[in-house]
Amino acid sequence: MAEYLIFLGCVIPYRLQSYEISARRILEAFDVKLVEMPSFNCCGYPVDPIDHELASLLAARNLCLAEDLEMDILTLCNGCFSMLNKTNRMLKEDRGYREKINKALGKIGMEFKGSIEVKHLVHVLIEDIGLEEIKKAIKRPLKNIQVAQHSGCHLIRPAKYASRGGNGGMEMLKELIRATGAECLEYEDEDECCGNPIIGVNEEIPLQLAREKLKHVRAVGAQALITVCPFCHIMYDLNQSRIERKFGLKLEIPVLHYPQLLGLAMGLQPDELALNELRVRPDELLKRIIG
Amino acid sequence: MVYSMSQKEEFEVVNRVDPAFKRAVSGMHGAEKISLCFQCGTCTAGCPISRFNDFYNPRRIARMIQLGLKDRLLSNDALWLCTTCYTCIDNCPQGVEMAYIIRALRNITVEERKVMPTIYKQMLSNILKTGYVYVISELRIKRRIQHGLPPLPKSDSKQIAKLFDATHISDILERAETFDRVD
Numbered sequence: 002m003a004e005y006l007i008f009l010g011c012v013i014p015y016r017l018q019s020y021e022i023s024a025r026r027i028l029e030a031f032d033v034k035l036v037e038m039p040s041f042n043c044c045g046y047p048v049d050p051i052d053h054e055l056a057s058l059l060a061a062r063n064l065c066l067a068e069d070l071e072m073d074i075l076t077l078c079n080g081c082f083s084m085l086n087k088t089n090r091m092l093k094e095d096r097g098y099r100e101k102i103n104k105a106l107g108k109i110g111m112e113f114k115g116s117i118e119v120k121h122l123v124h125v126l127i128e129d130i131g132l133e134e135i136k137k138a139i140k141r142p143l144k145n146i147q148v149a150q151h152s153g154c155h156l157i158r159p160a161k162y163a164s165r166g167g168n169g170g171m172e173m174l175k176e177l178i179r180a181t182g183a184e185c186l187e188y189e190d191e192d193e194c195c196g197n198p199i200i201g202v203n204e205e206i207p208l209q210l211a212r213e214k215l216k217h218v219r220a221v222g223a224q225a226l227i228t229v230c231p232f233c234h235i236m237y238d239l240n241q242s243r244i245e246r247k248f249g250l251k252l253e254i255p256v257l258h259y260p261q262l263l264g265l266a267m268g269l270q271p272d273e274l275a276l277n278e279l280r281v282r283p284d285e286l287l288k289r290i291i292g
Numbered sequence: 011m012v013y014s015m016s017q018k019e020e021f022e023v024v025n026r027v028d029p030a031f032k033r034a035v036s037g038m039h040g041a042e043k044i045s046l047c048f049q050c051g052t053c054t055a056g057c058p059i060s061r062f063n064d065f066y067n068p069r070r071i072a073r074m075i076q077l078g079l080k081d082r083l084l085s086n087d088a089l090w091l092c093t094t095c096y097t098c099i100d101n102c103p104q105g106v107e108m109a110y111i112i113r114a115l116r117n118i119t120v121e122e123r124k125v126m127p128t129i130y131k132q133m134l135s136n137i138l139k140t141g142y143v144y145v146i147s148e149l150r151i152k153r154r155i156q157h158g159l160p161p162l163p164k165s166d167s168k169q170i171a172k173l174f175d176a177t178h179i180s181d182i183l184e185r186a187e188t189f190d191r192v193d
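Quick mapping for you: the protein sequence lines, in order, are chains A and B. Here my numbering = 1-based position in the first sequence + 1. Here my numbering = 1-based position in the second sequence + 10.
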């Protein structure tokens with residue numbers, strides 16, 4: 002089966018081990034071999050607004066490490082996926098920019114060659130494992146479970162870089178959800194941003210955006226919201242009680258990482274998937290699934 | 011209403027305009043197509059932020075660049091409200107990549123005015139020190155072991171420092187003034 006260099010990024014090890022634990026558990030079950038990065042630095046995304054060239058260099062250093070090992074990169078975070086994938090594609094396509102970046106990379110004895118690919122967990126599930134194999138692995142089909150998806154901006158935009166072959170957009174996560182037997186409900190403004198990237202300078206707007214999203218999800222009667230990005234997850238799970246207090250609402254929508262939902266459908270136990278680490282307790286949902 | 015300016019007012023307006031600014035912006039990576047914007051407003055229509063802030067209107071920002079209103083653009087903290095959702099990029103009929111143009115404006119502000127939001131200064135300093143955006147606590151690292159997760163990869167701070175020096179951001183980072191919030 003496939004083999005990948007896993008790029009964890011910063012947010013997952015710092016705040017969201019539940020995503021890493023559940024993702025590793027699932028990939029292991031499908032025999033996807035993960036190799037740890039030999040050395041690490043931030044993907045570059047948070048540096049882009051300050052210094053685009055440095056952001057490209059930080060991304061390129063990670064790409065060069067993967068090129069040395071002749072391995073493709075797998076990310077769990079939308080931000081890391083977007084930054085690494087976009088930089089990889091830009092450096093492959095734009096010779097002038099590649100020369101500029103390679104000149105600076107020369108100072109640390111590296112050179113971008115353009116020999117690897119960057120994929121998000123969602124792409125690996127769809128392209129390498131495939132929906133048919135996933136369906137075969139389902140031991141506990143999630144019948145009578147209705148959820149909503151939030152793919153997150155950096156998995157689906159800009160389309161020029163985010164789409165891979167025939168794959169792109171929110172349909173990828175929707176199909177993965179349907180593969181578990183659950184119904185994926187549509188709701189208003191499904192592709193709207195979670196707002197997290199600006200929470201460091203303005204809390205008001207992201208909390209407002211997250212409130213609207215959660216209200217739309219609740220309005221269609223979804224029993225959970227499914228994410229594939231740590232930033233989005235933080236906005237909807239970690240900040241949900243804050244949003245409830247601030248706006249005087251009751252939302253109580255569990256927010257699961259997709260591999261947690263898939264793991265439950267594959268018959269794994271909640272503790273194997275770190276479901277106890279979620280802030281919004283998914284007790285009702287678990288009762289429906291496990292009994 | 012017919013609005014007429016006094017000679018003094020006209021002089022002030024012209025003085026505040028920098029005709030070379032459009033070229034400076036279009037020289038930045040990703041911002042090359044700024045001249046193609048014909049003001050249709052599709053970017054603003056799809057922008058999740060515009061409705062919260064009067065200044066933050068991508069269509070208007072594009073026009074201000076074209077007109078050379080450099081000072082008014084760079085002195086407004088609202089530039090830091092873009093969430094990089096990239097909706098404007100996917101929706102633009104002219105292929106103008108507004109989110110990258112906002113990024114270019116932020117980069118120019120940092121370089122010329124030596125100012126940035128506090129959070130970015132913290133994040134960049136952390137990357138320089140640890141490779142990560144955060145300083146990950148011992149407790150977290152211990153919990154990884156308890157969960158049976160592999161150890162975190164380590165940074166190479168010498169290499170990272172060389173990359174910071176390569177773009178000369180190190181000098182700016184030390185001296186840069188900061189602000190905490192954008193309202």
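Quick caveat, the hints were computed from the structure, so don't treat them as lab data. Wrong hints could be hidden among the right ones.
Mimicking SDA-like on lysine to any residue, the simulated pairs with C-alpha atoms at most 25 angstroms apart in a straight line are [to be verified]:
1) Lys101/A to Ser36/B
2) Lys175/A to Gly115/A
3) Lys161/A to Glu172/A
4) Lys172/B to Lys161/A
5) Lys144/A to Gly115/A
6) Lys34/A to Gly268/A
7) Lys247/A to Gly268/A
8) Lys131/B to Lys164/B
9) Lys137/A to Asp272/A
10) Lys144/A to Arg16/A
11) Lys164/B to Ser116/A
12) Lys114/A to Ser40/A
13) Lys34/A to Arg154/B
14) Lys137/A to Arg16/A
15) Lys93/A to Gly105/B
16) Lys164/B to Lys161/A
17) Lys168/B to Gly110/A
18) Lys152/B to Ser40/A
19) Lys136/A to Lys175/A
20) Lys164/B to Val36/A
21) Lys101/A to Ile118/B
22) Lys172/B to Thr128/B
23) Lys216/A to Glu121/B
24) Lys93/A to Ser40/A
25) Lys216/A to Asp272/A
26) Lys131/B to Arg16/A
27) Lys101/A to Glu121/B
28) Lys172/B to Glu172/A
29) Lys114/A to Lys32/B
30) Lys101/A to Lys43/B
31) Lys108/A to Ala176/B
32) Lys139/B to Asp32/A
33) Lys144/A to Lys161/A
34) Lys137/A to Glu184/A
35) Lys216/A to Asp190/A
36) Lys101/A to Leu183/B
37) Lys247/A to Glu189/A
38) Lys104/A to Gly105/B
39) Lys136/A to Leu186/A
40) Lys104/A to Ile117/A
Each hint, compared with the structure:
{"no.": "1", "hint": "Lys101/A to Ser36/B", "in the structure": "holds, 17 angstroms"}
{"no.": "2", "hint": "Lys175/A to Gly115/A", "in the structure": "violated, 31 angstroms"}
{"no.": "3", "hint": "Lys161/A to Glu172/A", "in the structure": "holds, 16 angstroms"}
{"no.": "4", "hint": "Lys172/B to Lys161/A", "in the structure": "violated, 32 angstroms"}
{"no.": "5", "hint": "Lys144/A to Gly115/A", "in the structure": "violated, 44 angstroms"}
{"no.": "6", "hint": "Lys34/A to Gly268/A", "in the structure": "holds, 21 angstroms"}
{"no.": "7", "hint": "Lys247/A to Gly268/A", "in the structure": "violated, 38 angstroms"}
{"no.": "8", "hint": "Lys131/B to Lys164/B", "in the structure": "holds, 22 angstroms"}
{"no.": "9", "hint": "Lys137/A to Asp272/A", "in the structure": "holds, 23 angstroms"}
{"no.": "10", "hint": "Lys144/A to Arg16/A", "in the structure": "violated, 31 angstroms"}
{"no.": "11", "hint": "Lys164/B to Ser116/A", "in the structure": "holds, 24 angstroms"}
{"no.": "12", "hint": "Lys114/A to Ser40/A", "in the structure": "holds, 18 angstroms"}
{"no.": "13", "hint": "Lys34/A to Arg154/B", "in the structure": "holds, 19 angstroms"}
{"no.": "14", "hint": "Lys137/A to Arg16/A", "in the structure": "violated, 33 angstroms"}
{"no.": "15", "hint": "Lys93/A to Gly105/B", "in the structure": "holds, 20 angstroms"}
{"no.": "16", "hint": "Lys164/B to Lys161/A", "in the structure": "violated, 33 angstroms"}
{"no.": "17", "hint": "Lys168/B to Gly110/A", "in the structure": "holds, 12 angstroms"}
{"no.": "18", "hint": "Lys152/B to Ser40/A", "in the structure": "holds, 20 angstroms"}
{"no.": "19", "hint": "Lys136/A to Lys175/A", "in the structure": "holds, 14 angstroms"}
{"no.": "20", "hint": "Lys164/B to Val36/A", "in the structure": "holds, 14 angstroms"}
{"no.": "21", "hint": "Lys101/A to Ile118/B", "in the structure": "holds, 19 angstroms"}
{"no.": "22", "hint": "Lys172/B to Thr128/B", "in the structure": "holds, 23 angstroms"}
{"no.": "23", "hint": "Lys216/A to Glu121/B", "in the structure": "violated, 41 angstroms"}
{"no.": "24", "hint": "Lys93/A to Ser40/A", "in the structure": "holds, 23 angstroms"}
{"no.": "25", "hint": "Lys216/A to Asp272/A", "in the structure": "violated, 29 angstroms"}
{"no.": "26", "hint": "Lys131/B to Arg16/A", "in the structure": "holds, 20 angstroms"}
{"no.": "27", "hint": "Lys101/A to Glu121/B", "in the structure": "holds, 19 angstroms"}
{"no.": "28", "hint": "Lys172/B to Glu172/A", "in the structure": "violated, 42 angstroms"}
{"no.": "29", "hint": "Lys114/A to Lys32/B", "in the structure": "violated, 33 angstroms"}
{"no.": "30", "hint": "Lys101/A to Lys43/B", "in the structure": "holds, 20 angstroms"}
{"no.": "31", "hint": "Lys108/A to Ala176/B", "in the structure": "holds, 8 angstroms"}
{"no.": "32", "hint": "Lys139/B to Asp32/A", "in the structure": "violated, 36 angstroms"}
{"no.": "33", "hint": "Lys144/A to Lys161/A", "in the structure": "violated, 36 angstroms"}
{"no.": "34", "hint": "Lys137/A to Glu184/A", "in the structure": "holds, 18 angstroms"}
{"no.": "35", "hint": "Lys216/A to Asp190/A", "in the structure": "holds, 11 angstroms"}
{"no.": "36", "hint": "Lys101/A to Leu183/B", "in the structure": "holds, 22 angstroms"}
{"no.": "37", "hint": "Lys247/A to Glu189/A", "in the structure": "holds, 22 angstroms"}
{"no.": "38", "hint": "Lys104/A to Gly105/B", "in the structure": "violated, 29 angstroms"}
{"no.": "39", "hint": "Lys136/A to Leu186/A", "in the structure": "holds, 19 angstroms"}
{"no.": "40", "hint": "Lys104/A to Ile117/A", "in the structure": "holds, 20 angstroms"}
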